[in-house]
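Two chains, two frames, some hints: make the complex.
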Amino acid sequence: GAGVSQTPSNKVTEKGKYVELRCDPISGHTALYWYRQSLGQGPEFLIYFQGTGAADDSGLPNDRFFAVRPEGSVSTLKIQRTERGDSAVYLCASSSGNGGETQYFGPGTRLLVL
Amino acid sequence: GNSVTQMEGPVTLSEEAFLTINCTYTATGYPSLFWYVQYPGEGLQLLLKATKADDKGSNKGFEATYRKETTSFHLEKGSVQVSDSAVYFCALRGASGGSNYKLTFGKGTLLTVNP
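Here the protein sequences come in this chain order: A and B. Numbers 1 to 114, taken from my numbering, label the letters of the first sequence in order. Numbers 1001 to 1115, taken from my numbering, label the letters of the second sequence in order.
If you're looking for bench data, these hints aren't it; they were derived computationally from the structure. There are no misleading hints in this set.
The calculated lysine to aspartate or glutamate pairs, modelled on EDC-like cross-linking and capped at a C-alpha distance of 16 Å, are:
| hint | chain 1 | residue 1 | chain 2 | residue 2 |
| --- | --- | --- | --- | --- |
| 1 | A | K78 | A | E20 |
| 2 | B | K1049 | A | E101 |
| 3 | B | K1056 | B | E1076 |
| 4 | B | K1107 | A | E44 |
| 5 | B | K1056 | B | E1069 |
| 6 | A | K78 | A | D63 |
| 7 | B | K1060 | B | E1016 |
| 8 | B | K1052 | B | E1069 |
| 9 | B | K1052 | A | E101 |
So that you can see chain B by itself, here it is in the shape it has in the complex (with noise of 0.2 Å):
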């Protein structure tokens, strides 16, 4: 069956740092890749995606690449902030049939900006 594997945290670093959160996958045929946030006391949020192989989702400074040969779609961020405090999770959704619809979660990261 399809499952992500996703670096473990906390990953804690200093405002303006560069961050990446290592995500990995399995899965059969061509899935599309998520990551989603969940900042303190709110519900969890799409912060980018990627439906096909070399697309690149980007949003709020936040990039990831599909890679296909690698399985992989690792989270990066030039400069973080304090604001980027959260949980990060990446996620995938099957590519057709019976899965296309349900969402599979790596464990979750959580990241702590410091001043």
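Just chain A, same shape as in the assembly (with noise of 0.2 Å):
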């Protein structure tokens, strides 16, 4: 079946703009995950949610980024007054049942603010 899907895949913006990240889970699956990956590092955890709501949103870097999930499926990370430090891959994850399963991940949004 099909597995998660993110878009867009690139995005180039200017600073101090807003932004809009979506994540399309694989179907079914109640837990889904953002993640942000920096150059050279490792995927950081931002926020999980549990059906349509945030279970953990504490590695949101700060109130400029906001990410919802509605209905349960689709999520979208939002960033507002995007800075140059913002600039990384986002990803997103979705595992079946409460969190504790295999998570799988999304080709990511290569995000770049000028």
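Written as structure tokens, this is what we have:
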């Protein structure tokens, strides 16, 4: 079946602009995660959804970052007033059950803030 | 908090050489341990995992053994192929409570296998 998909694959924006990154998880997966991967680093946890609710948003770096999952499927990561330091690859993953299972990753969105 | 330290790359090998990528971790209790692989232009894929001490994960000729006494999960392959060229990430998932879902990753090791 289809894996996790993310759009866009690449996004270039200017400092101060607003961006939205979309994640479409594997059908039926109730758990969804966002990670951020900076150049030369491993992915770092941002937020975890179980169904429609954010069960843990402790990894969001500041209040410019926000994520939603209104119907318990597709999720959108929103970044306001982007800064050059936000440039990274944003990864989405999903898993079945309540979070203790194998996480399946999407290809990521490469964000570049000029 | 949880952390993962893995061998820094890049690692360059000839085809059929033996591969070891070292990984050590810091965590409370008994975390689950993973190796993920990222092939050029593709997303992260789970390569293998182990969920308790002395377990051996294996897949595609790769192996790693969960060593609680040395807090290690080294990745090995007896004979690498050109198609194994990728970035390899060691990761852990906390044992229980508030961290039993989030993955903590190492920085990744770039492996290049030459024909």
